[in-house]
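Just so you know, the protein sequences line up as chains A, B and C, in that order. Under the numbering used here, residues 1 to 160 are what the first sequence spells out, in order. Under the numbering used here, residues 1 to 160 are what the second sequence spells out, in order. Under the numbering used here, residues 1 to 160 are what the third sequence spells out, in order.
It is possible that part of the hints are untrue.
Stated by the list, open to error - Simulated crosslink set (DSSO-like; lysine-lysine; CA at most 27 Å straight-line):
| no. | chain 1 | residue 1 | chain 2 | residue 2 |
| --- | --- | --- | --- | --- |
| 1 | A | Lys102 | A | Lys7 |
| 2 | C | Lys7 | C | Lys102 |
| 3 | B | Lys131 | C | Lys93 |
| 4 | B | Lys6 | B | Lys102 |
| 5 | C | Lys65 | A | Lys100 |
| 6 | A | Lys97 | C | Lys97 |
As the list claims (entries may be wrong) - Anything over 12 Å on all C-beta distances counts as not near chain C; from chain A, calculated:
| no. | residue |
| --- | --- |
| 7 | Asp18 |
| 8 | Lys51 |
| 9 | Ser61 |
| 10 | Ile101 |
| 11 | Glu122 |
| 12 | Thr140 |
| 13 | Ile142 |
| 14 | Gly144 |
| 15 | Thr147 |
Think of the hints as simulated: they come from the structure by calculation, not from any bench. Since we're looking at a predicted model, the values are computed, not measured. Just so you know, even glycine gets a beta-carbon here, dropped at the ideal spot from N, CA and C.
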Amino acid sequence: MADTAKKLSIICFSGDFDKALAAMVLATGGKAFDYDVNLFFTFWGLNILKKKKGRRPGSGSFLQKAFNVMMGGRNNLPLSKFNFAGLGPELMKMIMKSKKIKDVEGMLQDTIALGAKIYACEMAMNVMGVKKEDLIDEVTDIVGVATFIADAEGGQVLFI
Amino acid sequence: MADTAKKLSIICFSGDFDKALAAMVLATGGKAFDYDVNLFFTFWGLNILKKKKGRRPGSGSFLQKAFNVMMGGRNNLPLSKFNFAGLGPELMKMIMKSKKIKDVEGMLQDTIALGAKIYACEMAMNVMGVKKEDLIDEVTDIVGVATFIADAEGGQVLFI
Amino acid sequence: MADTAKKLSIICFSGDFDKALAAMVLATGGKAFDYDVNLFFTFWGLNILKKKKGRRPGSGSFLQKAFNVMMGGRNNLPLSKFNFAGLGPELMKMIMKSKKIKDVEGMLQDTIALGAKIYACEMAMNVMGVKKEDLIDEVTDIVGVATFIADAEGGQVLFI
Chain A
1 MADTAKKLSI ICFSGDFDKA LAAMVLATGG KAFDYDVNLF FTFWGLNILK
51 KKKGRRPGSG SFLQKAFNVM MGGRNNLPLS KFNFAGLGPE LMKMIMKSKK
101 IKDVEGMLQD TIALGAKIYA CEMAMNVMGV KKEDLIDEVT DIVGVATFIA
151 DAEGGQVLFI
Chain B
1 MADTAKKLSI ICFSGDFDKA LAAMVLATGG KAFDYDVNLF FTFWGLNILK
51 KKKGRRPGSG SFLQKAFNVM MGGRNNLPLS KFNFAGLGPE LMKMIMKSKK
101 IKDVEGMLQD TIALGAKIYA CEMAMNVMGV KKEDLIDEVT DIVGVATFIA
151 DAEGGQVLFI
Chain C
1 MADTAKKLSI ICFSGDFDKA LAAMVLATGG KAFDYDVNLF FTFWGLNILK
51 KKKGRRPGSG SFLQKAFNVM MGGRNNLPLS KFNFAGLGPE LMKMIMKSKK
101 IKDVEGMLQD TIALGAKIYA CEMAMNVMGV KKEDLIDEVT DIVGVATFIA
151 DAEGGQVLFI
């Protein structure tokens, strides 16, 4: 079954700039090779899908708001190494811009345009106080782990 | 071969609370869909299997004891982000409790009850001074990488 | 297709000592079971392939040099936990030596000797100012994500 091999499902757990970039490079690369690509954003990875780009208190309980502010938004994604309070990712973005390499936001747009499915994890949204309206409109669906496992069946899976 | 696709093997490398939770959610989700699920706990992930829940010196050489105390136990699993000396995971546990979502310990019990295989990595135990008697009784076996690779053959694999 | 299952492709994204070790253990284990093994080193993982073992400014722009020095070399790989400014990995190396377990460097040599393919990621080298001549001679090729995806097709994939 050639089909079996041509499916790539990525759990985007990390909200780190560098790991999000790696996930998007793999997703667009997969689509270029006619893979079905499913991206399942959970925990800190939900940050990548936030409509508002900076920090904001969000909705929910006090604790959930606290988490939301700490998490920041799409413009605050840290590096997994050498973050230096946000200086590291800015350095990396400057280098990438000078090399004409797209950053996470541009890559996410490409990923969506190429037809990858963008899922947000219901349980993590619940724990972290992230609402549907906080996320970009391009989210295919808000789903549980069951949907991810069913969608990923028979293909390759990555946890990033 | 439908069977080929219905096997999920997870290397639980991280001892972070949030990543351990993700591993358990995937493991229980997999079992719910009739997957064979193998969990292979190695390095910091061994913490999740510790019988004693807090910090303790353990056995072994001085260096191994030092590692063991630093690692802590099941009640000291840190968050991969915003740990704040243990405050972060406590906040998350409080939110989860209020939402009636099980935490790592509850999920691990479910995972075991559903019949996932729980392997502990022999090499990592050796390096980190963790003994068989330090681990919960439900550990299926203490094995090397060869057993993991043989068990994982033909299925999906995740490194968490 | 038995062949389908006998291929393991690992994205070595992390430059952490402990994660690099896990990747090498899996790679050598895979080769021992007659798997095709492809290692794709990207981002911080490029450090593992550096010819010079310590910190050095490298070539490229000022920003790239800054990254290169921060990244360090093969002798500066940090632990993902308890690094303590480099003390953690030294402790772990001492324990491993006393147990006659090979460290990352020894394991990498074994991995290469067993015939695993060693790829370096072109985009990450570009962003981080790492040149071909900075890397060990055993690198099979410098490639893009397309090559990785093509090589990984139909096999198991891990992101470490």
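Against the structure, the hints:
Distance check on the hinted pair: A/Lys102 and A/Lys7 sit about 24 Å apart at the alpha-carbon level, within 27 Å; holds. Between C/Lys7 and C/Lys102 the alpha-carbon distance is near 24 Å, which keeps this suggested pair within the 27 Å criterion. Only pairs whose Cα atoms come within 27 Å are accepted, and B/Lys131 paired with C/Lys93 is accepted, the gap being roughly 20 Å. Annotation: proposed proximity of B/Lys6 to B/Lys102 holds, straight-line Cα distance about 25 Å (limit 27 Å).
Distance restraint check for C/Lys65 and A/Lys100: the Cα-Cα separation of roughly 19 Å lies within the 27 Å cut-off, and the hinted pair is therefore satisfied. Of the pairs offered as hints, the one joining A/Lys97 and C/Lys97 is violated, with about 44 Å between alpha carbons and a cut-off of 27 Å exceeded. Here A/Asp18 does not stay apart from chain C, with its beta-carbon only about 6 Å from theirs, under the 12 Å limit. With a closest Cβ-Cβ approach of about 27 Å to chain C, A/Lys51 is found to remain outside the 12 Å limit, as its non-interface label requires.
At roughly 30 Å from the closest C-beta of chain C, the C-beta of A/Ser61 stays outside 12 Å, upholding its exclusion from the interface. At roughly 7 Å from the closest C-beta of chain C, the C-beta of A/Ile101 falls inside 12 Å, breaking its exclusion from the interface. Its beta-carbon lying about 23 Å from the closest one in chain C, A/Glu122 satisfies the requirement of being farther than 12 Å from that chain. Its beta-carbon lying about 22 Å from the closest one in chain C, A/Thr140 satisfies the requirement of being farther than 12 Å from that chain.
Taking the minimum C-beta to C-beta distance to chain C, about 24 Å, the non-interface status of A/Ile142 holds against the 12 Å cut. For A/Gly144, the shortest C-beta to C-beta distance to chain C comes to about 22 Å, beyond the 12 Å cut-off, and the non-interface label holds. Taking the minimum C-beta to C-beta distance to chain C, about 21 Å, the non-interface status of A/Thr147 holds against the 12 Å cut.
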